[in-house]
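With the sequences and hints as input, model every part of the structure.
The sequence shown begins at 1 in our numbering and counts up by one.
Bear in mind the hints are in silico, worked out from the structure with no lab data behind them. Among the clues, some could well be false.
To be verified - DEER-style ranges, computed between Cβ atoms:
{"no.": "1", "residue 1": "Ser14", "residue 2": "Asp83", "range": "15 to 21 Å"}
{"no.": "2", "residue 1": "Asp126", "residue 2": "Thr57", "range": "44 to 50 Å"}
{"no.": "3", "residue 1": "Asn250", "residue 2": "Asp126", "range": "47 to 53 Å"}
This structure is a prediction, so every number in the text was calculated from the model and none was measured. For every residue, glycine included, the Cβ atom is placed at its ideal position computed from N, Cα and C.
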Amino acid sequence: MFSLEAISKTYSGSTRKAVDSLDLAIGDGEIFGFLGPNGAGKTTTIRILTGVIAPDTGRVSIDDIDLGKEALAAKARCGSVPDNPELWNRLKAREYLDFIGDVYGVATAERRRRIAELAGRFAIDDVLGASIGTFSRGMKQKLCVVGSLLHDPHNWILDEPMVGLDPQASFDLKELMRERATAGGCVFFSTHVLEVAEKLCDRIGVISGGRLLFTGSLEDLRALRAGAKEAGEAVRGESLERLFLDLVENGAS
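Right under this line is the structure:
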């Protein structure tokens with residue numbers, strides 16, 4: 001589970017807050033979709049959540065561990081897939097996975113079992129001896145997914161994970177996300193693909209201009225927009241895409 005309390009971040013050279021007073025809690029056993037237009041603050045939030053950058057103000061906790069005070073312990077509870085799979089091109093794929101296993105202290109036998117299981121699931125088991133530099137973006141994305149789960153983390157954070165994946169790999173990833181949540185884990189992912197969020201997420205959050213506009217289920221969002229529009233039944237059948245665009249344009253009022 002994750003908790004972000006009053007998180008704000010402004011990058012050097014900018015006067016606009018990339019993330020502005022964000023409060024967000026994600027519980028165990030759920031898939032949480034983080035939605036917003038380009039530049040809304042999604043990736044900044046994820047980089048703060050994973051400890052890649054520090055917030056200017058606020059507190060992040062992961063499974064009740066304060067990320068600012070016990071960074072290694074908090075990060076050990078997470079696996080993350082970044083928005084751009086920038087890997088060491090000179091390494092072979094198996095060497096990269098062994099490095100990840102060493103970092104997280106995964107025993108050799110367990111490491112081999114999990115590599116075989118996950119690499120087979122994403123159809124890269126036959127290229128683990130190849131250099132990463134020969135991989136397509138989609139193959140690198142699959143390798144990142146495998147590496148992120150090698151230590152069997154309780155929490156899984158993914159930034160635009162469907163980008164570059166073929167339809168079968170996208171299906172397999174969505175199935176795996178649901179399996180992790182069903183087993184009691186916490187899955188947090190950002191996406192531009194609203195159809196995926198609509199079908200997969202237990203709850204969603206909508207961010208725009210660095211500010212969180214909404215958190216809740218799709219039905220909660222429909223109820224919110226119905227109340228704002230006084231539209232009642234007319235909103236109940238509207239898609240997430242229509243509701244999302246309306247919310248970003250008009251805010252949470």
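Here is how each hint holds up against the structure:
A hinted range of 15 to 21 Å holds for the C-beta pair Ser14 and Asp83, which are about 19 Å apart. Taking the beta carbon of each, Asp126 and Thr57 are about 48 Å apart, inside 44 to 50 Å as hinted. With their beta carbons about 51 Å apart, Asn250 and Asp126 fall inside the hinted range of 47 to 53 Å.
When each numbered hint is compared with the structure, no violation occurs for any of them.
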